[in-house]
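Number of protein chains: 2
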Amino acid sequence: MRVILVGFGNLGRGLSRVLVQKASFLHRSHGLITRVVAVVDEFGSVVDEKGLNLNELLKVAEKKGTVVAYKGGKRGKLALKVIDDVEADVVYDLTPTNIKTGEPGLTHIKRAMREGKHVITSNKGPLVVAFRELDSLAKRCGVEFRYSASVGGAIPVVGLAKKLLAGNEIHEIRGVLNGTTNYILTRMSKEGAPFEVVLREAKELGIAEKDPTLDIEGIDTACKITILANSLLGMNARLKEVKRAGIARVRPEAIRLAQEAGYTIKLIGIAKRGSLEVGPKLVPLGHPLAVGGTLNAVTFKLDLAREISITGFGAGPKETSSSLLGDLIDIHRTLGG
Amino acid sequence: MRVILVGFGNLGRGLSRVLVQKASFLHRSHGLITRVVAVVDEFGSVVDEKGLNLNELLKVAEKKGTVVAYKGGKRGKLALKVIDDVEADVVYDLTPTNIKTGEPGLTHIKRAMREGKHVITSNKGPLVVAFRELDSLAKRCGVEFRYSASVGGAIPVVGLAKKLLAGNEIHEIRGVLNGTTNYILTRMSKEGAPFEVVLREAKELGIAEKDPTLDIEGIDTACKITILANSLLGMNARLKEVKRAGIARVRPEAIRLAQEAGYTIKLIGIAKRGSLEVGPKLVPLGHPLAVGGTLNAVTFKLDLAREISITGFGAGPKETSSSLLGDLIDIHRTLGG
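In the order they appear, the protein sequences are chains A and B. Sequential numbering of the first sequence, starting at 1, is according to my numbering. Sequential numbering of the second sequence, starting at 1, is according to my numbering.
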């Protein structure tokens with residue numbers, strides 16, 4: 001498979017490292033040989049239709065901060081040109097998320113599909129802004145479209161429902177889908193410390209961003225629940241339709257009272273047909289959604305299996321590469337590889 | 001898809017009910033039309049190449065205790081004759097498990113494969129006795145072979161690893177794979193009651209069988225861990241290689257001490273390359289394997305995703321039909337449906 005990587009931040013580099021480390025495993029176990037023929041970052045691009053030496057490229061990009069410094073690298077806004085001109089099977093869009101416009105990922109993805117290239121993305125923006133459009137475009141263009149890494153990081157949430165629980169009707173999806181808020185609530189619950197104190201420490205540890213609004217106000221969770229609703233419940237939901245509350249007003253006393261009654265408080269996203277919601281909710285201790293630390297978890301309520309839950313790491317470049325690589329293997333298999 | 005059901009006990013009937021109820025869902029969502037062309041039970045068989053009326057067949061079989069009583073039903077040991085003679089795409093073997101001989105499922109499965117029919121089974125026996133042989137035979141015969149329901153009931157354990165975590169190397173598999181022992185340990189832990197008392201009550205409730213040896217001595221768990229090791233770790237393990245301890249010697253005091261230290265005790269099956277084990281183990285409270293009641297759970301330790309856990313119902317005819325039907329949809333898709 002000839003691959004173009006658009007976006008070479010933590011995820012793009014993490015995936016590249018994994019592609020190098022696992023080249024022989026992928027060949028041996030899946031008959032999959034990957035060749036990264038172009039890498040685009042915010043400063044420019046580098047192309048080698050014979051396949052870039054990712055090890056060398058990673059070294060240069062980490063030292064100089066861009067792939068432009070690599071031999072043959074070119075400066076400029078070159079993503080669309082590369083997507084158009086370079087022959088490839090799959091385009092990875094791993095650019096930063098913009099949940100208002102979906103850009104630049106949205107344009108990359110549409111262009112790639114129109115060029116007949118399969119698309120894998122981790123980018124919530126395009127999916128939140130234009131899920132149905134992208135889903136239809138992929139079908140019209142006859143290309144595969146995968147976005148496992150956009151929800152749940154390493155947890156294959158979308159694939160679990162679409163591929164393995166396909167005989168079920170999904171009544172409801174509930175998820176702990178944001179590691180930062182889960183970390184904060186877990187520490188509040190263990191230490192009885194107030195929200196503001198734990199948030200400050202989370203920032204110092206790099207677990208919360210400097211501006212943590214998207215996380216603590218539940219917007220990131222709302223994006224993910226919108227994607228799941230559209231992808232798995234066949235909805236055409238918009239982000240603004242999600243009824244949303246964050247965790248800033250959760251008090252340690254409330255968590256303590258919950259614990260005394262056998263519960264904990266988690267920021268939960270809930271999708272069912274006609275109703276999307278994010279907010280702090282009571283979860284029984286011992287339930288799979290009562291996961292601690294930065295873990296994520298999703299519970300499906302189903303007509304046959306009743307309840308299936310899956311838990312894992314919702315972020316991290318290596319962890320997320322499990323999903324990014326899983327999508328590539330899945331496309332390879334779908335194409336008969 | 002033309003389907004033969006061999007075995008018409010709880011699972012066969014449960015699946016049949018689901019096939020009736022979900023006929024339009026399966027057609028609409030997956031383009032799958034199923035036609036059950038033959039049903040075999042321990043007393044005989046009934047065949048209709050145009051497709052049996054499952055609703056009527058279920059009524060008769062439940063009233064009379066066998067499909068022989070249905071119009072056109074024939075008495076006798078007819079499984080192999082039906083597998084040979086009736087044109088069909090898929091044979092379900094849903095016969096009772098015999099972990100020593102694998103029979104009668106083993107013979108059914110081999111015959112179906114040699115006849116060029118795809119096979120779906122819930123039967124641990126053939127998989128424990130002859131996994132590698134069946135896996136190779138399926139490949140040689142060019143047929144699909146699925147056994148999701150054999151481990152974890154409704155939980156798609158095998159598919160999760162094979163399809164969705166395919167980019168990972170699996171370092172270890174740990175599972176709570178037996179609902180009866182999990183129920184007993186959960187009640188011992190909640191009530192401080194001794195093993196013998198809880199076991200007696202579990203028998204009265206029908207949660208434990210009259211002869212609960214296979215469950216409480218960890219043999220059922222050992223079977224499942226053997227299947228997972230062979231299927232997912234590429235091993236050629238035999239049941240007798242599993243180091244095994246049951247739960248009869250777990251004392252309420254041990255559970256109480258564990259709880260004081262933040263743990264619970266579960267009967268855990270563990271598979272890693274070169275080492276298979278079943279026994280009571282400490283599990284941290286809050287870990288996905290610390291599930292209560294009759295729930296099952298499996299944790300994969302992986303090189304990329306680190307740890308992914310999945311939880312759900314490990315038994316029940318309706319729940320298990322989620323896996324049996326999922327396998328059928330998967331074969332339909334694999335064949336390009």
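Take these hints with a grain of salt, some might be off.
[Stated by the list, open to error] Once the Cα atoms are required to be at most 20 Å apart in a straight line, the calculated EDC-like pairs of lysine to aspartate or glutamate come out as: (1) K163(B) - E253(A); (2) K318(B) - D303(A); (3) K74(B) - E62(B).
I should point out that these hints are in silico values taken from the structure, not numbers from a laboratory.
- Non-conforming hints, listed in increasing numerical order: As far as the earlier hints go, only 1 is violated by this structure.
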